[in-house]
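*Asks:* These are the residues of each chain, in order.
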Amino acid sequence: MLGNEAIAAGLVENGCAMATSYPGTPASEILAGIARLKIDTGRPRHVQWAVNEKVAFEIAYAGCMSGLRTAVSMKQVGLNVASDPLMSAAYMGVRGGFVVISADDPGPHSSQTEQDSRLMAMLAKIPVLDPDSPAQARQMAKLSYEISEAYEIPVMLRPTTRVCHARQDLPPAGVPGEEATVGFKKDPSRWAATPKFRLQLHRALEEKLDALSADPRTAPRLLNPDAAGLRAVAASGVAAAHAREIIQDLGLWETLPFYQVLQPFPLHRSFIDEILGKYSEVLVIEETTGVIEMQIADRRRVRGKQDGRVPSVGELHPETVESVIRAFAGLPGYAAQMPTVPGRRPTLCAGCPHRASFYAVKKAAPRGIYTSDIGCYTLGLNLGAVDTVLCMGAAISQAAGFYHAHRHLTTRPDIVATIGDSTFFHAGVPALIDAVAQQVRFVLVILDNRTTAMTGNQPTPATGVGACDEPLSAVDIEGLVAGCGVKFCRTADPYELEPFIALLKEAVSFSREQGPAVVIARHPCLLDRRRVPSDRKPVQVVVTDDCDGCGYCLKHFECPALVQVKGEERVRIDPGICSGCGVCLSICRNHAIVAVDPGN
Amino acid sequence: MTEIEAKRSQIVISGVGGQGVLFVTRILAEAAIRHRRPALTSETHGMAQRGGTVISHLKVGDFASPLIRPGAADGMLVLKEENIAAHQGFLRPGGWMVVNAIEAADAPGVACGQIDADDIARQIGQPKAANVILLGFALAWLDGSNVGLWCSRRDIEDIVASGGDGKRSEDLAAAIDAGYAQGMKS
Ligand code: SF4
Ligand code: SF4
Chain A
1 MLGNEAIAAG
11 LVENGCAMAT
21 SYPGTPASEI
31 LAGIARLKID
41 TGRPRHVQWA
51 VNEKVAFEIA
61 YAGCMSGLRT
71 AVSMKQVGLN
81 VASDPLMSAA
91 YMGVRGGFVV
101 ISADDPGPHS
111 SQTEQDSRLM
121 AMLAKIPVLD
131 PDSPAQARQM
141 AKLSYEISEA
151 YEIPVMLRPT
161 TRVCHARQDL
171 PPAGVPGEEA
181 TVGFKKDPSR
191 WAATPKFRLQ
201 LHRALEEKLD
211 ALSADPRTAP
221 RLLNPDAAGL
231 RAVAASGVAA
241 AHAREIIQDL
251 GLWETLPFYQ
261 VLQPFPLHRS
271 FIDEILGKYS
281 EVLVIEETTG
291 VIEMQIADRR
301 RVRGKQDGRV
311 PSVGELHPET
321 VESVIRAFAG
331 LPGYAAQMPT
341 VPGRRPTLCA
351 GCPHRASFYA
361 VKKAAPRGIY
371 TSDIGCYTLG
381 LNLGAVDTVL
391 CMGAAISQAA
401 GFYHAHRHLT
411 TRPDIVATIG
421 DSTFFHAGVP
431 ALIDAVAQQV
441 RFVLVILDNR
451 TTAMTGNQPT
461 PATGVGACDE
471 PLSAVDIEGL
481 VAGCGVKFCR
491 TADPYELEPF
501 IALLKEAVSF
511 SREQGPAVVI
521 ARHPCLLDRR
531 RVPSDRKPVQ
541 VVVTDDCDGC
551 GYCLKHFECP
561 ALVQVKGEER
571 VRIDPGICSG
581 CGVCLSICRN
591 HAIVAVDPGN
Chain B
1 MTEIEAKRSQ
11 IVISGVGGQG
21 VLFVTRILAE
31 AAIRHRRPAL
41 TSETHGMAQR
51 GGTVISHLKV
61 GDFASPLIRP
71 GAADGMLVLK
81 EENIAAHQGF
91 LRPGGWMVVN
101 AIEAADAPGV
111 ACGQIDADDI
121 ARQIGQPKAA
131 NVILLGFALA
141 WLDGSNVGLW
151 CSRRDIEDIV
161 ASGGDGKRSE
171 DLAAAIDAGY
181 AQGMKS
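Taken in sequence, the protein lines are chains A and B. Just so we're aligned: 582 in this note's numbering is position 582 of the first sequence, and the numbers increase by one with no gaps anywhere. Just so we're aligned: 108 in this note's numbering is position 108 of the second sequence, and the numbers increase by one with no gaps anywhere.
Hints were generated in silico from the structure; no laboratory data involved. Some hints here could point you the wrong way.
[Claimed, not checked] One-sided excerpt, in silico: chain A residues whose CB lies under 7 angstroms from chain B:
1) His109
2) Thr113
3) Glu114
4) Ala166
5) Arg167
6) Arg244
7) Ala336
8) Gln337
9) Val341
Ideal Cβ placement from N, Cα and C applies to all residues, glycine included.
Chain B on its own, in the form it takes in the complex (with noise of 0.2 angstroms):
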């Protein structure tokens, strides 16, 4: 086993309910799946769906609990800014933030990355897609520094190809490149 595939991830993915915060959450895991890693989700049904707020835990390695416990997740996938005051208590010590946000949010101690996702959505014509957008940065921000993600670009638009129908898996690639190429320029 390499260190990689000994290490523990832990995750939190942060939003309101129909920004599809689900979404990504399962196409983290799937990810992990691919690479032959346990992955163990915790997601947000129910009435907060409706536009309330909605987390998702997502625990990579070897763990019983589906729950992130506080200071113990290595990083956080902010879909909506407002949400870090509730949750960025669940980031370690040294953790990792990428924030859609108009502006660079202000998290001392923390690395923070930022993207103004729901621009980029409305730019590229798909306004319900920046949590896709959102992923495609993190995916090139945290390229290359030692607290990556468990997978590259290409699992994740294998698995979103997988995933459908043409169109569909082809907007979704879309949106995460464009992600990505914001990701790669900060």
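One chain only, chain A, in its complex shape (with noise of 0.2 angstroms):
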């Protein structure tokens, strides 16, 4: 079982009863998972991929403000989005049970940041527990409600890229728990507070906190209480997962006092009290931020982040804890430590539509600024037609801010920003309404692909159906323009590339002269499995002896399928990959790569 289906599983089992979320590296198969029992259980009552995860958040909350038990999942920069209702749910509290789930992605392996969102935790005030492995994970999906619950307060479960996508040998879930029984009763005085009323609730909340930090089924835990030393280890987290394997490893499970720390805030008092007075030092390590670390008051006995013991920076690999421990405990040596080799770059798949429409985009405006966004088509960046990646939905608002910098310039440069479908939805339509009021001069490319692709294709309200594949109202994405007051909207398939690279021409000229023009590229992502089927026939293309190696496609294109083999002058189509999209039929300047007539 994934790490991502065992908080699933955990959820579930313990009746959560709405469960909601926006898809996200590594959090998005929380949710898969949860849909998934819905469909074998018909339990949570409500399940559903949300527009962005402050939507997401407070669908949720609404649902533990009535009394059931609920979930939120995102990825770390999700919580960013979600962070205002975060802030202000801390202080009102829950009367269900509220998990709060931020998966952090160390790294990072597909983030645009390392960040902790144990800080988020702490900004916010509420207690954050850190799973080892998918089995903790699911415990402490249970332990979340119980505490929740007890404390009437929002609870963080904070899993790691390497607990989500860990996978491990765990019974099935089991039988979904009781719902509780839904009612949300009227206290205007908690639900809807005036500022008189929140210094009381921020009050309750720190005595909450106080309290949290006595319970003690959240303590940390001393995992060999035989251990006899004047040096300890404590961890949290994956890295106590690594730490445990390793002081095993080495030999120290007799003499090195290990600590696993299960909620790094609030951090136990008489775990302070304790460690602080019986070791001579205590090395501390976790991942990214060094939480629990700063809650430890007294310097003198810490050992981690703080003195640079412990990086600060990118993933704990077991590697690196290995040598920090070996270190902390005067064992000779290092661990062995893996070469740094490039990897292989991500590219866009094989017929990937965001190709041609990338291609398309460098055609019509060669010497624009590029803005772009969050999604496969980030890797745009591949073909020169990405210069710019904030986070979700800055795209459109990045393109307002480069025209209102260079718009006294006579000159002004093109600017063509380009944006998912799910991401225009999450965040790019509030940027567009600002951009049509302020007459923003850019051309904005959708590229509508019907779905969330790269996280594993998820829905998009565009797309009609839900978390658990139930029919669900379209929202029509020109119509959402036109609503915002764009003149200039047209769709098209990129595939036709030519009249494509036309349809950009013209966008481009329309936008120079009266203000934000659309184009939406729509074309299904070739991974959908909710893709419908197309009438259009996958072209056999060859390469002929007229190709003379210039790498003209290979540089521009790039599509997969495209290869040069070492050696040989001519490039190849990789069969086993060529999508038989036919676009790289337009692209070669030789007219070198044909399509072959399937009759011969």
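If you follow the hints, you should be able to join the two separate chains into one complex; please do so.
*Replies:* Rendered as structure tokens:
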């Protein structure tokens, strides 16, 4: 069972009645797992992908205000989007149990930042649990509900990539837990508190934290109580799993007391007293920021990130943990390290419609500024068609910013923003409204592949189906764009490359004179299982002798099915990868890529 | 507990996104679980799955950490030859490596098996099946050696057969067989 599926099981087994999410690696499989359980058992009663993390949070929060156990899951940068309701929900508290799952990505493997969600829990003043494995994540889902209800407080569960995407042999999900009876009880002094009441709520929150830092259920555990020694190690999350295995492998289990911290914030007071009282030195190992460490006020005996013994940047690989523990325990030698060899860079799939769109963008606005956004299409970087990637929705607001910054120039650069359909819904719409009002002269290309592709093809509001494949209403992107006040909005299939380039050129000239122009590049993602089968036949392409090996198609189109074998001049098509989209037929300047008639 | 049950095994599966590294990892983990041995894996998801370097760690036996340390892996299945430079460091001295490549890899100090799984995949009309062909090859190649995997070809075939619709399982079984046959020859 995948870590994320274990979390899903833990939530549903313990009576989760509503679960919401916005997809993001490494959190995406949590809601997908819950949806699968709902398809099998009919529960939880409500499972949904929301338009963004803030909306997801608020929906699940209203559920717990109504007495239900609910959960919202997201990746760490998604929590930034949901931070507004998080801060306030901490004050108002909960009635039914409420778990906020924020999955961190030390490394980072698939994120813009390595931020530590536990700091967000500190900021909001809510407890956070830090699982070391899928099994523990599942147990902590239960524990989260228990303490959430005992203290009427949202609880954060903070797995990291290595927990989310670890797979462990675990018993399959049990029967869904009993769901609580629903009933919202009005209490405006709490649920709509004015600043005066907020002060009281803040005071109450501090009292809850105080009690939480003494609750035995979440207290740190000494895993080798027989170990005798004057130095101890404390760790949390997957770093604790690495440390446990390494301490055993190095033969230190009898001599190096090892604590696992389950709740990094608020850190248990008695634990701080114990480690400072019993040991001459305590090494703290955690990812990514020194959250446990910073709560131990007396620094003289603490070793960790602040004194540089444990790295503060990047993932703590087990070999790093081994080196740190060896040095701390005075063992000779170093852990073997991996060489740093650059890996292969990711690329858009063969036949991905975005590749055609990016090629067209470069043709229509060759010296433009290209702002882009978060999704598979970030890989437009490889094609030189992506200059900026900041955060969800920023393609549009940054385009506006570049316009305002350059607009006094006599020759302004053209500005083309690319954004995926899901990202457009998530955070692009308010920025587009702003751009219309401010008369920003730019072209927005909405890469509408009908799905949230990067994270595993979750539906978007335009898909018209829900998390469990149930039919829902589909939001019309053209109508939405027109509703924002955009005067130029046209839709086309980027596979029809020549007309698509012509359309983009038209949009660019419109934008120079009149304001925002929107082109919706519509073609389904090739990996989407919901994709409506097209009547378009795959084209069998070959490279003829006219190929002079100039490499233009490799450099400017970069389809992974176009390969140049060492020692050969001519480019080849890899039939195992080629999707038969036929777009490359229009790319080669020597017309060396041709379609073969399937008849012969 | 027999010796083989008590033994801990650590295997790295290396490739690029789209080759089906996760699929092979899951089958092998499932096989371990069927032998009542604890299995812990770490997978690559997200952006790297779009054709970037992908690696799975698979640990069978009593482990806490999902990741394999450098110099600790017993063996490595390599679906993309170019990854050897980046990932060979995981192998312990005397470890083994089974590589999908046109020619035998040059890896001193390592028992190295080689199969052109992409070519066989094309021959059997399943261009995307190099992953299970390599697995079939490894099962045969390692069979009888003292570093063998924790499972037999039968185990793998049972898992594949129970895994879904008829046509797909048949294709997979044929691909595993093709790799296995090649492994018996070498
Ligand atoms: S296929 Fe065309 S563009 Fe590519 S290398 Fe050959 S001639 Fe150049
Ligand atoms: S037809 Fe051309 S562009 Fe399309 S996938 Fe095949 S090689 Fe790539």
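*Asks:* Compare the structure with each hint and give your call.
*Replies:* Verification of the hints:
1. His109: holds, 6 angstroms
2. Thr113: For Thr113(A), the interface hint is violated, since the closest Cβ of chain B sits about 14 angstroms away, which is over 7 angstroms.
3. Glu114: Hint on Glu114(A): violated, closest Cβ of chain B at ~14 angstroms, above 7 angstroms.
4. Ala166: holds, 4 angstroms
5. Arg167: It holds, given that the least Cβ distance between Arg167(A) and chain B is near 4 angstroms, below 7 angstroms.
6. Arg244: Hint holds; Arg244(A) Cβ to chain B Cβ min 5 angstroms, cut 7 angstroms.
7. Ala336: At about 4 angstroms, which falls below the 7 angstroms cut-off, the nearest Cβ of chain B leaves the hint on Ala336(A) intact, so it holds.
8. Gln337: At about 6 angstroms, which falls below the 7 angstroms cut-off, the nearest Cβ of chain B leaves the hint on Gln337(A) intact, so it holds.
9. Val341: With a closest approach of 4 angstroms, the Val341(A) hint holds.
Going down the numbered hints, you'll see the structure goes against 2, 3, while the others check out.
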